[in-house]
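Protein chains in written order, with full-length UniProt numbering: chain A, 1 to 538; chain B, 1 to 538.
Since the hints were derived computationally from the structure, they do not count as laboratory data. Among the hints, erroneous ones may be present.
Which copy is meant is left open, because identical chains are indistinguishable; a pair holds if it fits in one copy or across any two.
Stated by the list, open to error - The list that follows gives simulated cross-link-like pairs (lysine-lysine, DSSO-like), each with its CA atoms no further than 30 Å apart:
| no. | residue 1 | residue 2 |
| --- | --- | --- |
| 1 | Lys-511 | Lys-380 |
| 2 | Lys-511 | Lys-236 |
| 3 | Lys-280 | Lys-511 |
| 4 | Lys-362 | Lys-441 |
| 5 | Lys-458 | Lys-280 |
| 6 | Lys-500 | Lys-458 |
| 7 | Lys-458 | Lys-318 |
| 8 | Lys-349 | Lys-441 |
| 9 | Lys-61 | Lys-394 |
| 10 | Lys-411 | Lys-196 |
| 11 | Lys-442 | Lys-40 |
It should be emphasised that the depicted structure is a prediction, and the values quoted were computed from it without experimental measurement.
Protein chains: 2
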Amino acid sequence: AALLGSSAPGWIKKQALAPLTVSSVNTASDEVALWPLPQKFQTSVDAFRLSSASFQIVHAKESTAGPSCSLLQNAFRRYYSYIFGNGRKHGKNLENVFDADLAELQVQITSADPECDGYPSLKSDESYQLEVNQPTAVLKAASVWGALRGLETFSQLVYEDDYGGQNINKTSISDFPRFAHRGILLDSSRHYLPLKVILANLEAMAMNKFNVFHWHIVDDQSFPFQSRTFPDLSHKGAYHPYTHVYTPADVKMVIEFARMRGIRVLAEFDSPGHTFSWGKGQTGLLTPCFSGSSPSGTFGPVNPILNSTYDFMTRFFKEVSTVFPDAYIHLGGDEVDFSCWKSNPDIQKFMDQQGFGQDYRKLESYYIQRLLDIVSTTNKGYMVWQEVFDNGVKLKGDTVVEVWMNNNVDKELQNVTGSGFTAILSAPWYLDYISYGQDWKKYYTVEPLNFEGTAEQKKLVIGGEACLWGEYVDATNLTPRLWPRASAVGERLWSDENVKDVGSAYDRLVKHRCRMVRRGIPAEPLYIGFCPHEYSGN
Amino acid sequence: AALLGSSAPGWIKKQALAPLTVSSVNTASDEVALWPLPQKFQTSVDAFRLSSASFQIVHAKESTAGPSCSLLQNAFRRYYSYIFGNGRKHGKNLENVFDADLAELQVQITSADPECDGYPSLKSDESYQLEVNQPTAVLKAASVWGALRGLETFSQLVYEDDYGGQNINKTSISDFPRFAHRGILLDSSRHYLPLKVILANLEAMAMNKFNVFHWHIVDDQSFPFQSRTFPDLSHKGAYHPYTHVYTPADVKMVIEFARMRGIRVLAEFDSPGHTFSWGKGQTGLLTPCFSGSSPSGTFGPVNPILNSTYDFMTRFFKEVSTVFPDAYIHLGGDEVDFSCWKSNPDIQKFMDQQGFGQDYRKLESYYIQRLLDIVSTTNKGYMVWQEVFDNGVKLKGDTVVEVWMNNNVDKELQNVTGSGFTAILSAPWYLDYISYGQDWKKYYTVEPLNFEGTAEQKKLVIGGEACLWGEYVDATNLTPRLWPRASAVGERLWSDENVKDVGSAYDRLVKHRCRMVRRGIPAEPLYIGFCPHEYSGN
């Protein structure tokens with residue numbers, strides 16, 4: 001029983017390429033469920049067995065990558081474990097290889113530079129071709145980034161038969177992402193997220209072909225990022241200076257763990273609002289609020305009128321730009337509350353001098369403009385929340401505007417792309433909002449390009465993000481709350497736009513979530529039912 | 001700083017009994033947060049230290065229980081671990097006992113029968129008195145059930161100071177539950193719940209002084225209860241006959257684990273509706289539905305017109321009554337769909353013979369009546385969902401009616417108690433319904449006795465239950481979804497009715513949830529913030 005339809009025209013659904021060769025396949029292959037669905041694929045009832053004793057994932061002879069490519073070596077081991085189970089012992093090639101066995105998967109990187117030691121980027125080529133046939137399956141990709149995606153797909157094709165054996169059907173896949181930016185936002189300020197939780201979710205992201213970890217690392221409530229230049233920021237601004245911080249080594253580990261899975265780490269240091277915790281370790285950075293003619297003792301957004309502010313930002317972002325290798329930094333710029341600025345006489349004076357009148361958006365823009373200029377000198381691109389665009393700040397051409405306000409999304413996308421800027425969409429995917437029932441369907445049926453605009457404009461929408469803000473989320477509940485709800489966003493951003501049938505998505509997603517569970521991710525159930533292997537992690 | 005207010009008249013808030021003796025106490029004692037709040041208590045700034053090397057929990061000389069009381073021995077070990085941490089090594093009384101040390105907690109059972117080997121019941125005395133003073137604290141209770149509650153309270157009084165030492169303030173507590181039935185409903189049919197999850201939640205229940213585990217063990221979707229008399233019920237009716245069943249040994253373990261914590265296991269075998277899974281292993285039990293004049297191949301509720309049905313129920317409940325030691329069995333009786341009965345010509349004929357006309361509620365009552373008579377012969381009491389009462393079934397005087405429909409709750413409580421039946425309330429506490437934000441406040445502010453009725457009627461409301469139905473819940477997300485939301489219900493059912501200030505509840509509950517986290521329960525956060533020891537379980 002060939003089971004997977006194709007989303008692309010010209011490919012035939014449920015096409016049988018060859019007669020059934022392994023008798024137990026019929027029912028077992030119904031278990032195969034690819035998520036997200038590849039762009040083009042063809043599968044068959046012709047099934048091969050994988051022997052845990054002899055099956056190998058190897059570099060193809062023609063590959064430009066070899067055993068020195070630790071990213072792939074690491075991935076080979078990881079996917080071997082996913083296929084055969086971590087705990088399963090196996091002999092050393094003691095078993096014979098039978099005729100019906102799939103002996104190996106050859107991974108062939110075709111570009112001169114396989115990018116083994118590089119970082120994934122917005123421009124990374126994640127496409128791959130996968131041919132599963134006897135006795136050898138071949139995975140081809142231009143770079144390691146496509147190979148990682150193909151390895152995930154290969155592992156999803158393998159299914160267990162009734163005798164506990166691993167099988168795979170003859171299959172042909174050509175795949176590539178619809179959108180280049182497929183992100184998950186986690187917030188480590190409202191609640192500190194232990195490293196273990198972050199790493200587990202990077203694993204889950206790879207299982208869903210996400211490629212950006214948007215790390216909303218600091219905010220009003222706490223500043224867990226340990227800066228070498230300004231150690232007081234976390235020492236005084238974190239929930240706890242030792243147990244609730246990310247040391248430089250922690251950050252490095254997150255970045256490397258993500259790189260190994262083809263995931264960018266996009267750090268966000270949001271300002272001038274959302275900075276209350278910054279003020280604890282950096283005196284004078286925030287605006288003193290006034291009550292009448294005297295300071296009230298409370299503080300508002302970053303003080304935009306002092307040179308010391310910009311000196312601080314210059315040094316701080318210089319460090320940040322070296323800590324985070326990604327070509328982009330997210331600078332925030334959302335939800336600036338003007339009341340404190342309004343109360344402060346020095347700010348008012350500055351507003352007069354600059355001729356801003358009473359338009360505090362102009363003051364905000366003034367600050368952001370100077371900040372962007374500072375960050376530009378670090379040779380980083382920047383991402384910002386939509387207010388920065390809305391307020392008319394002058395932006396570099398490669399700026400990415402993140403559309404998050406869930407009113408007039410279409411209009412906003414129209415405006416941002418109409419002005420020639422690239423955009424990513426997160427407005428419909430605020431996964432911190434929970435409700436009873438299957439809300440994944442709501443996330444799944446969003447079509448990001450449903451706004452009015454030219455083909456050129458649509459090309460400027462480079463992806464989206466599922467955001468799990470941290471007000472109600474910490475290590476206890478984050479992972480089951482995020483998965484498989486975010487998986488719905490994952491398929492929307494990877495697969496063809498015509499892959500949108502909720503019914504067939506349900507069937508695949510049920511199985512995909514059980515696969516995540518089996519791999520140790522406590523992804524919650526979609527609805528009534530069971531997994532052959534239930535979660536046993538706690 | 002004395003920190004805990006009292007809810008009872010005549011007790012003075014923040015009363016200092018003695019001067020401060022340990023300097024580090026001032027801030028650290030702010031960490032103490034009792035949950036649920038005891039009925040009467042008095043505390044002081046006078047603090048004592050607990051040495052992990054020398055502190056002991058022991059049987060008082062006067063106690064009617066001694067080292068042969070394994071329930072208490074087990075509890076002493078458990079609470080020692082909660083206080084000093086599981087992993088902490090300690091010497092064998094090598095340290096000196098200092099003047100300011102609390103040397104031991106003496107537990108004194110005062111009744112002739114301490115009930116060490118008994119099961120908790122609706123009539124168990126859970127009251128206790130706790131006096132913490134130097135050099136010995138004394139916990140007095142009539143039976144082990146009160147001692148268990150007092151041990152939990154004692155452990156909650158202990159707080160860690162800035163040097164990692166454990167301290168406790170001079171305290172005097174007299175406590176008892178407001179309601180006798182304080183339950184949690186878990187549903188192991190919509191999703192199978194591994195034993196580990198059930199046991200973890202029994203632990204959490206004890207931390208919140210719940211005393212009934214309402215085990216909605218089977219339903220339409222699966223029949224995981226392994227019956228010795230009718231093994232096909234689970235073999236054919238469970239999601240999987242080996243991996244997704246509760247063996248007799250499993251059930252025994254749940255019951256014993258619960259008993260050790262003073263928790264009753266109230267098993268529910270719901271009929272005549274919600275029985276689809278029963279039909280798989282017991283041919284002829286369910287009503288064949290008809291399409292026109294021929295059977296449609298589908299099945300409805302239990303077939304109430306066959307003698308074989310009652311023979312089966314007699315044998316089945318005979319087994320159930322021996323497997324579950326509790327004095328009550330929950331027989332369900334909710335949501336019976338009449339359409340299948342209506343379609344069946346044999347049922348119609350029976351209705352005519354009995355003179356039921358077209359009133360299928362009479363047929364339902366007929367079935368339930370016979371079932372109740374069967375169960376009565378096992379000497380068990382029974383609980384039923386409210387429909388059974390609403391439909392006018394004749395009930396034994398000790399029947400407990402569970403009010404679950406969240407419309408006209410007050411009217412229903414009035415009617416049930418007005419008819420002289422005891423009632424428990426679960427309608428406002430369906431915790432499977434989730435929403436964004438702090439819904440625990442909604443659960444917390446429910447007042448169960450807010451209906452019009454005499455004092456006699458109010459006495460008939462013996463408690464309530466927080467219900468976590470299983471449609472969207474399994475091992476991956478159950479525990480953080482249940483806690484600390486169910487804790488709100490726990491305090492409502494234990495503490496005085498005047499304990500209802502949401503603000504002070506918030507402060508205590510934040511700390512109580514961190515305590516649960518520290519004890520290994522992944523209780524989710526109420527809102528922004530942190531725990532000194534974050535969850536590290538996965």
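Hint-by-hint comparison with the structure:
1. Lys-511 <-> Lys-380: neither (40 Å within a copy, 43 Å between copies)
2. Lys-511 <-> Lys-236: between (46 Å within a copy, 22 Å between copies)
3. Lys-280 <-> Lys-511: between (47 Å within a copy, 24 Å between copies)
4. Lys-362 <-> Lys-441: neither (40 Å within a copy, 41 Å between copies)
5. Lys-458 <-> Lys-280: neither (43 Å within a copy, 54 Å between copies)
6. Lys-500 <-> Lys-458: within (19 Å within a copy, 55 Å between copies)
7. Lys-458 <-> Lys-318: neither (34 Å within a copy, 69 Å between copies)
8. Lys-349 <-> Lys-441: neither (52 Å within a copy, 46 Å between copies)
9. Lys-61 <-> Lys-394: neither (51 Å within a copy, 81 Å between copies)
10. Lys-411 <-> Lys-196: neither (40 Å within a copy, 51 Å between copies)
11. Lys-442 <-> Lys-40: Within one copy, since 25 Å is at most 30 Å while 50 Å is not.
Of the numbered hints listed earlier, those contradicted by the structure are 1, 4, 5, 7, 8, 9, 10.
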